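K.L.:
Those sequence lines, one after another, are chains A and B.
Numbering follows the working numbering, with no gaps: position 6 of the first sequence is 6.
Start counting at 1 in the second sequence, then tack on 1000, and there's your number in the working numbering.
Hints are computed from structural coordinates only; laboratory data are not their basis.
Treat the numbers as computed from the prediction; the structure is a model and nothing was measured.
Some hints could be false.
Stated by the list, open to error - Some chain A residues near chain B, calculated using beta-carbon distances under 7 Å:
# : residue
1 : S405
2 : I406
3 : E409
4 : V495
Unchecked claim - Below, a list of computed lysine to aspartate or glutamate pairs in the DMTMM-like style, where the Cα atoms sit at most 20 Å apart:
#  : chain 1 : residue 1 : chain 2 : residue 2
5  : A       : K252      : B       : E1409
6  : A       : K485      : A       : E452
7  : B       : K1413     : A       : D152
8  : A       : K304      : B       : D1187
9  : A       : K304      : B       : E1117
10 : A       : K413      : B       : E1400
11 : A       : K441      : B       : E1117
12 : B       : K1252     : A       : D152
13 : A       : K407      : B       : E1409
14 : A       : K304      : B       : D1106
15 : B       : K1441     : A       : E400
The C-beta atom is built at its ideal place from N, Cα and C for all residues, glycine as well.
The residues making up each chain are set out below.
There are 2 protein chains.
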Amino acid sequence: MTDITVFDTTLRDGAQMEGITLSLEDKREIIARLDDLGVDFIEGGMPASNPTDRSLFSSEIELAHSKMVAFGSTRKPGVAAADDAGLKALLEARTEWVCIFGKAWDFHVTEVLRITEEENIELIRDSIEYLVKNGKKVIFDAEHYFDGYASDRTYALKVARTAREAGAEWVTLCDTNGGSLPTAVSDAVEDTLLETGDCLGIHCHNDSDLAVACTLAAVDAGARMVQVTVNGLGERCGNANMCSVLPDLTLKMGYDIGADISKLTKVSHAVSEIANVAHDSFMPYVGSKSFTHKGGMHIDALLKDPHTYEHVPPESVGNRRNILISEMSGRAGISKKLDEMGIEPTEERVGEVLERIKDLEGKGYQFEAADASLELLIRKTCGLEDVPFGIPAFRIYIDEIGDNSIKSEASIKVVDANGNMEHTASDGDGPVDAINNALKKALSKFYPKIGELRLIDYKVRVLDERAATAAPVRVMIRTTDGKQKWTTVGVSTNVIEASLIALVDSMKYAVTKDGWTA
Amino acid sequence: MTDITVFDTTLRDGAQMEGITLSLEDKREIIARLDDLGVDFIEGGMPASNPTDRSLFSSEIELAHSKMVAFGSTRKPGVAAADDAGLKALLEARTEWVCIFGKAWDFHVTEVLRITEEENIELIRDSIEYLVKNGKKVIFDAEHYFDGYASDRTYALKVARTAREAGAEWVTLCDTNGGSLPTAVSDAVEDTLLETGDCLGIHCHNDSDLAVACTLAAVDAGARMVQVTVNGLGERCGNANMCSVLPDLTLKMGYDIGADISKLTKVSHAVSEIANVAHDSFMPYVGSKSFTHKGGMHIDALLKDPHTYEHVPPESVGNRRNILISEMSGRAGISKKLDEMGIEPTEERVGEVLERIKDLEGKGYQFEAADASLELLIRKTCGLEDVPFGIPAFRIYIDEIGDNSIKSEASIKVVDANGNMEHTASDGDGPVDAINNALKKALSKFYPKIGELRLIDYKVRVLDERAATAAPVRVMIRTTDGKQKWTTVGVSTNVIEASLIALVDSMKYAVTKDGWTA
């Protein structure tokens, strides 16, 4: 028996986030990840509302640890529980557990549902009793609980008590609009516990940037189930982020939960990939920058003792430390980097790499974020450069002659390591796209995997604003091959050249990295 | 006198975020925005550490509301205060206020600084006394205060007391590693207040996803200064987000602060643009999705009463509900703008301008920061367009053939308002520079003042990262004629075309603006 029950609602409330649509296959993949992580409950969706969720619940899902939950609402006003389509769909769902929501805010009862407060109490009681009588275990989500509590405490408490008396195993207090402060949540939870006993859950939204804090405050006050979503996905500003709540509860507050948080970083990235949303690099605990360190003094202290500048060990959540290479970070950082790359960090090598980095940084390069360019530079400086291809010549044409559409075309010659030449050309949406297309086209002849590369970000930064269009520009390009992501950098006064340097580095990295032994 | 003093550290601690580099011009622009917002203190940077910050502080910055603060550290161990280069740089900074940090965690004192606890106390005392004696008002940032308090309460309290006794006006308790819980922050603040009296600030990092909550908890416990950054920019997972802290403090907790939070959304977007980072759509309060509603039932209830599903009115932070409803708040702004431009804001004109803006924003344009492009668009839509020149044709050549230097050349035909044609060509450092040079060369024939224009910033933002090099890009160009500065915008999948649109707008603005009657 753990202290805290973890209820994941990524597939239901998380999927409400704008821009997210999860297919049946997506949902199944996320369920497998969550089960492996070890959450207690996985809310899969609302079988009454759409065919995907109906299919999902039409057969039993065998899981190692988690229990599936089907979501719905209390019966419609004026319809008997046994005749209600929503409750029927819940009974048909092949799950032991169901979760239904009902209203706890008097204002919503009278102004939105337009029924009396007593009728709403009956809806809640009937619906839960009916589900329980028909063999379901019920979790009751009290919508807008904290707004309700602030508006009419007695009524909100009555809703919670009614749900419990009707047979709900858990009563979840929801901060639906995300407007509550942790102190208010804490007070309401303590007060409500006196009515319901030890069966309270908490469900928070992040509109005040306090979803995690409110969740922890509720637990502090005695709530024993946390409803969370992976990466804080959810409507508007999202829900309480599982990837923050679980480490805070375990590493900071000492609670025992069933989930293995050392898998969190992986789960977090996987859900972003599946939901096709960018992964926030700066996310607490699981972001790729969460344990990134910059600045010489920091790095020295960190290498003496990671505890100096790290609140928890990155491994505890399956993440890793990342030391940025920059002018300031000095020999210790470079030495560590060489070591990670499987290259012996001799005094001489470290010195040469540092020299080269300083030289390029003076020209406007920045290797902090450009991991792939940095690794290529290190290999080159250490005499380990691969030269998979060369570009003896290229040309780009851009013109508009009286027809109002600008045309871009690039021609290119590429030579592989054995001296084979490919001469080709391509159009593009702009000159960078044209040269990217031509380069990929040429290289695909020698390296078919080039076809799988996808550029996922392209940034341009002007380095010396006073020089304006004649200023050196820094281009950073982020690429993925579907498995890994990397960043490369190029600097030139010519935006095309800077782009080409970064593009070439990226493709060089793609075709050589698998051959490196680390 | 307000309840809470707002200390912005976007330009110092915020700029520590990976990937952010702020030029002098960027910093000045952000300072102007923060002053207009009305924060109390703006920490501009560390004059001892880099030339940009030294220039920034080399002259006094006249502000309407805010006070500039220069940042540094306590003197180096073994160096007298009067001989310390860092303290010297602070004295030379043309600010009334300075902020220095010192260590409050015994572990850091003995393991990182490698001095005795008493020596550290002396560093702090000396440095503050020296600055005060030389006429500075001092804010002392107690680094790692909460870790220090947990490790050796007596020593942490002694550090805070020493700073106060030495003459610091404010003592800021910093959760440098971002690992503290709100309850721990609250306890330490209450306890420390007994030592220092009412002069405590709070500075939190977001590594546990609790920076905002810890900041509020400190204020609840009696701290009266909040150190925050716009959009929560900062090292690793960022700092406490001003855009959440200020509305929480005012709208939720009822505190009086000097800043006008109805400007927050604008400031938040402007800082993202200037720092060239993507704006998080899901950010609480100021994100473009923060007040976006999905799902029929929600919308119905919302239209009955916005209070049903909105924790605060979006206008309170200068945000908007959604495109349909926002038109109304948009109208007022456009109407005001027309008025400022000396154009009568008739219903019809405002409607047409709004329509045109919405259309272009749908294509990726953004007019908030592009003042000159917006004015040109308004004049055009209102039938007041000047057509000082046209560009019937241009061509750009970029090539590298075996000699390792990429050449860019542009040829262009420009026709003035009287039909006179100028056909010319120019080389350039890259294609954008070549076309800029050719355009300026041609236009100088007709408008000599074109020769005085200087482009002071050139930004490129990829709008849909998944489309990579074929994605639409937005180019923002900032130009000055020595007296005035203005910004123009262009959008295209072709970076050259987007640049050209912005360049042409800028030159059009330069040669016509003086003829407008406002």
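K.L.:
Each of the hints needs a verdict: does it hold here or not?
P.N.:
Status of the hints after comparison with the structure:
Evaluation of the A/S405 hint against chain B yields a violated restraint, the C-beta minimum of about 9 Å exceeding 7 Å. The interface hint given for A/I406 holds, since its Cβ lies 5 Å from the closest Cβ of chain B, which is under the 7 Å cut-off. Taking 7 Å as the C-beta cut-off, the interface hint given for A/E409 is violated, the closest approach to chain B being about 11 Å. Evaluation of the A/V495 hint against chain B yields a held restraint, the C-beta minimum of about 5 Å falling below 7 Å.
Between A/K252 and B/E1409 the alpha-carbon distance is near 61 Å, which puts this suggested pair outside the 20 Å criterion. Restraint check for A/K485 and A/E452: satisfied, since their Cα atoms lie roughly 12 Å apart, inside the 20 Å limit. The suggested pairing of B/K1413 with A/D152 is violated, with an alpha-carbon distance near 73 Å, which exceeds 20 Å. Annotation: proposed proximity of A/K304 to B/D1187 is violated, straight-line Cα distance about 30 Å (limit 20 Å).
Annotation: proposed proximity of A/K304 to B/E1117 holds, straight-line Cα distance about 19 Å (limit 20 Å). As the CA atoms of A/K413 and B/E1400 are separated by approximately 11 Å, the hinted pair is consistent with the 20 Å bound. This hinted pair does not check out: A/K441 and B/E1117 have alpha carbons roughly 64 Å apart, beyond 20 Å. With a C-alpha separation of about 19 Å, the suggested pair B/K1252 and A/D152 falls inside the 20 Å cut-off, and the hint holds.
Taking the CA atoms of A/K407 and B/E1409, the gap is near 16 Å; set against the 20 Å cutoff, the hint holds. A distance of roughly 15 Å separates the Cα atoms of A/K304 and B/D1106; the hinted pair therefore holds under the 20 Å criterion. For a cut-off of 20 Å, the pair hint linking B/K1441 to A/E400 stands: about 19 Å separates their Cα positions.
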